[in-house]
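Colleague: Residues per chain are reported as follows:
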Amino acid sequence: MIDPADAHRKPLPVPDADTRAYWQGLREGRLLLQHCRACGAVQFYQQALCRACGAEDLEHRPASGRGRVHAFSVVHRAPGPAFRGDVPYCVLLVELEEGPRMISALTGGDPMAVRFEMEVELVCEPQDDRISLPKFRPRPGTRA
Amino acid sequence: MNDDATLRGKAAVVGAGISPTGRVPGKSPLALAALAAQRALADAGMDKSDLDGVLASHAFASPFHRFSVAFSEYFGIAPTFSNTLQVSGATAATMFNIAAAAIATGLARNVLVLGADSLLTGLTPDLALRSLSESRDQQYEMPFGIPVANTFAMTAHRHMHEFGTTPEQLAEVAVIHRRHALATPGAQMTAPITVADVLNSGWVTTPYHKLDCSLISDGGAAFIVTSAARAKAIAGRRAVYILGGGECYTHEHIFLMPSLTTTGAKRSGELARAMAGVAPADIDVAGIYDCFTGTVIMMLEDLGFCRKGEGGPFVADGQITHGGAIPCNTHGGMLSFAHPGMPGSMFHFHEVVTQLRGECGARQVPGAEVGLVHSLGAGFATNATTILGTEATL
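Protein chains in written order, with my numbering: chain E, 1 to 144; chain U, 1001 to 1394.
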């Protein structure tokens, strides 16, 4: 059951043991991906083991921050009152240059002008003194 | 899947009941579950003392984590097999598969399968939508304001991008479901709609308009599943046998979904059909999880009723209604009959069971012998298929 007051607060991530480095990286303006030193797999999100081979030898490396829009949906009806003031906003499924995909949202562009395969780049947006969210904007020279 | 073992024909549905559905103020999820259970027992000609197993889905508007256990206390029974299952929208079909497995292996004799919730009046639409979106990851998805519709919307959007599926084809799914609901007593929606109505109903999250989205409802459904031998003795030709089941879980997060346009339903459907020994063309009637219009189009493809990418034209060609290749959701589905959350897919089971019993009246699919129900949830993270059949299919 959910407390009615919760519906008016935007949910912010609570980092855990697996993800502390990831959120610290975003605070410093870097989107960290895990590279497996054993098999070479690159993974998002942060976890203790490589999803492909199970190795624990994972290295955090900053992503280039460049990607393409694999899918998107412009939200006109917010998931509850917390996001109601933001509509319309565009939720993105970004495919990063390094391969992994991630959920994000468009910032600094027209949500209605987003297109499939559009090129986007990372913007780390501070939410409080602890959390910055990885959002994406159209790459310069790309219309949106 | 164990190739040496099968559930085919081991268990059957002998009782089916649904509570009042739609807007049902003043009834808790447990009350709705109990009303549905009483009706299922009456339909089976059984007493509650005959039940030794209870499988239930979780209810958002109920504080009970162990819903099946809380229900048993509320209903005045003490089962020796019980569980509350949680694989989101796919839970419905998993309950039938697991009930059949429990019966086949001797864990239980007569299993009550139930789900009920009061999303509309017990929780309110705001809190219902927030609760549903709470099921997204709190670190990687929720902070971006991702409504429950959003993950499904992105898959449909990508489907349009890859295959040219049109907004009108999506809308046609809603129109057909509404037409089906108009022929179903107790359906929440009672006014006909057109493709233009859907396209003019306002955006929710692109490419979905309001009428591309399922309802928010109150209600519950319950079933009695028993062994094939007992089913034959007590229900005769009204027994509906479980012929096959399959499940598939390809990811948790939408960003790790292997393909946005081919889902785990492909595998769960293959497994269920292999166990049942049927091909898509052998299936007479289907209940397909219709949380959104595009979901139905993608499932028609993944479940093998048409080729990948051809779901839109298949629907527009009249293939999912009476007289078509595979009449689907003849009660109106979650789009127009009712969608109280987890129980939404239970109504698909109720309709397919009623069709296979030949008791659907004006909306009966003539000669329906084999039925399929596909339940799914969490942006296609969870998929479960059950194939049912009449005595003649054994």
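Simulated from the structure, these hints should not be mistaken for lab results. Check the hints yourself; a few may be wrong.
[To be verified] Cross-link-like lysine to any residue pairs, in silico, SDA-like; alpha carbons within 25 Å at most:
1) K1210(U) <-> Q127(E)
2) K1210(U) <-> A113(E)
3) K1210(U) <-> D86(E)
4) K135(E) <-> A55(E)
5) K1308(U) <-> F116(E)
Colleague: For every hint, state whether the structure bears it out.
Modeller: Verification of the hints:
no.	hint	in the structure
1	K1210(U) <-> Q127(E)	31 Å, violated
2	K1210(U) <-> A113(E)	21 Å, holds
3	K1210(U) <-> D86(E)	19 Å, holds
4	K135(E) <-> A55(E)	30 Å, violated
5	K1308(U) <-> F116(E)	20 Å, holds
When held up to the earlier numbered hints, the structure conflicts with 1 and 4 and fits the remainder.
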